[in-house]
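Okay, here's what each chain looks like letter by letter:
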Amino acid sequence: MDIDWAALGEVFGVSLVTTVALVGLFTVGIVGLAPRTEPGGEDGSAGTETAPTPLARAGAYVCFTLCAAAVAYGIYLIVK
Amino acid sequence: MEHLSLIIGVVVVTALVFDFTNGFHDTANAMATTISTGALKPKTAVAMSAVLNLVGAFLSVEVAKTISGGIIDEGSGIRPEVIFAGLVGAIVWNLLTWLAGLPSSSSHALFGGLVGATLVSVGWGGVHMDAIAMKILIPAVAAPLVAGIAAAFATRLTYRLGARRSASQTARGYRAGQITSGALVSLAHGTNDAQKTMGVITLALIAGGSLAPDSDPPTWVIVSAALAIALGTYLGGWRIIRTMGKGLTDIQPPQGFSAQTSSATVILASSHLGFALSTTQVCSGSIMGSGLGRKGGVVRWGTAGRMVAAWGLTLPGAGLIAGASAFLADRGDWGVVTVAVLGIAACATIWAASRRNRVDHANVNDVDPATGLALTADEAVEPVTIPTPRTTSGPAPQATV
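Same order as they appear, the protein sequences are chains A and B.
Heads up: the first sequence begins at 1 in our numbering, then just goes up one per residue.
Heads up: the second sequence begins at 1001 in our numbering, then just goes up one per residue.
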């Protein structure tokens, strides 16, 4: 029996890197758009929220665009 | 289709029935986490998945053309009766695992059925045993590991990055991510699995002499296979959705998103790199990985163990049923009729058994959070006690939040 270890390794490597990269990018995007919450004090005081800066916003949209490109490539792989 | 003999007609109908069970068995792969985290309402999720399966089925015929050459030796005298017996084995196995709520691979059931029927009818020469090992056994072990490890790392990462944002602020983002990745899995599933049925029908038409060898599937085959898988997907295998969405682990939106992304990536990467992995095993692996990736997350190994046992039994189980069917079907027309009657009776029995504790879109998420086991009907409708405000004396009791 001949196991194609190279192909299996390639699938593993590509899957791992792509998944982690995509999830990471998308999370950075989500985090960039969410207001920052400073944790409240231990006495129970409410945390303060600061709106995301324009830079964070722009960065988030770059992340989402990259993810959208990956989805488009995925659809291309299915269709071709 | 100039002239279809009766047996070819029977094979085509049986193949479409298998396609239908394939659809509802595999709805869970794309939509279980989306449903269990509440990203989409159950009915909306299965409707979306059904449409994408339908679209996916029309996208390509490449997979359909590889089904015949690979595992079963086309030249070894495979006859429509053998394909019929194989399909009966696959359908009955799919229904049995659905009754048990276990996600098992529909493709393995199909291959197991065809192999079992071929072994009984043609003998060992008709089956490429090394192809089975390479195309089925190795991927079956590799799929959950690859997808699970990727999902575990992704889950760890997304929790770390989002640690300083509250769940309510990130909910919309994760919801969008889950829907998108679920959609990709559905589309890929339609392209892959509907085509397997198209391939089988085409194989039967070639075997029966209605089509020239190496033909592409005719249009009516493509349309009917697409409709059958979409209908099956829409009806939804709610028992399996419950197991994958609630039974294996508790899934929160970040985990659902990581698991789905891992599934979509592994399915596309593996088929693109020519090492196709089973969708069911990839998705189950992702879900377990996302359970391990969250701090404090648990995987219910009892349920996972039963699932893995079902994976191991799928090939021999479907093969055994198909082998027995092939033995009968080879006796002649009365044998084929007997197999058909027994097959229908088996399906009816399983369906009747499923009615005793129904799982549908309304109660799919009603699971005991501690054990992952289904709540009984009484527990599912949680008695909500509303304190009646006393109007006679004193202020109404304030609700504390």
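Calculated from the structure, these hints are not laboratory results.
Honestly, I wouldn't trust all of these hints.
Claimed, not checked - Sample of chain B residues facing chain A (criterion: CB under 10 angstroms; computed from the structure):
| no. | residue |
| --- | --- |
| 1 | Lys1041 |
| 2 | Leu1059 |
| 3 | Gly1125 |
| 4 | Val1146 |
| 5 | Arg1165 |
| 6 | Trp1220 |
| 7 | His1272 |
| 8 | Phe1275 |
Claimed, not checked - Counterexamples of contact, computed for chain B against chain A with all Cβ distances above 12 angstroms:
| no. | residue |
| --- | --- |
| 9 | Leu1211 |
| 10 | Ala1304 |
| 11 | Asn1363 |
Ideal Cβ positions, reconstructed from N, Cα and C, are used throughout, including at glycine.
Would you settle whether the hint for His1272 of chain B is holds or violated, based on the nearest Cβ-Cβ distance to chain A being less than 10 angstroms? holds (5 angstroms)
Quick check on Trp1220 of chain B please, does its C-beta sit within 10 angstroms of some C-beta on chain A? At about 22 angstroms, which exceeds the 10 angstroms cut-off, the nearest Cβ of chain A leaves the hint on Trp1220 of chain B violated.
Asn1363 of chain B: least C-beta distance to chain A exceeds 12 angstroms? The claim holds: Asn1363 of chain B sits with its nearest Cβ about 31 angstroms from chain A, beyond 12 angstroms.
Taking the closest Cβ pair, is Lys1041 of chain B under 10 angstroms from chain A? violated (22 angstroms)
Could you check if Leu1059 of chain B really has its C-beta closer than 10 angstroms to a C-beta on chain A? With Cβ-Cβ at 5 angstroms, under 10 angstroms, it holds.
Leu1211 of chain B remote from chain A - nearest C-beta pair above 12 angstroms: holds (25 angstroms)
Interface hint for Arg1165 of chain B, Cβ within 10 angstroms of any Cβ on chain A: holds (4 angstroms)
Go through the hint on Val1146 of chain B and say holds or violated, using the shortest Cβ distance to chain A against 10 angstroms. holds (5 angstroms)
Assertion that Ala1304 of chain B lies outside the chain A interface [Cβ separation over 12 angstroms]: holds (20 angstroms)
Holds or violated: Phe1275 of chain B as interface residue toward chain A, Cβ cutoff 10 angstroms? holds (4 angstroms)
Does the CB of Gly1125 of chain B sit less than 10 angstroms away from some CB of chain A? Interface hint status for Gly1125 of chain B: violated (19 angstroms vs cutoff 10 angstroms).
Hint violations for this structure: numbers 1, 3, 6, all remaining hints satisfied.
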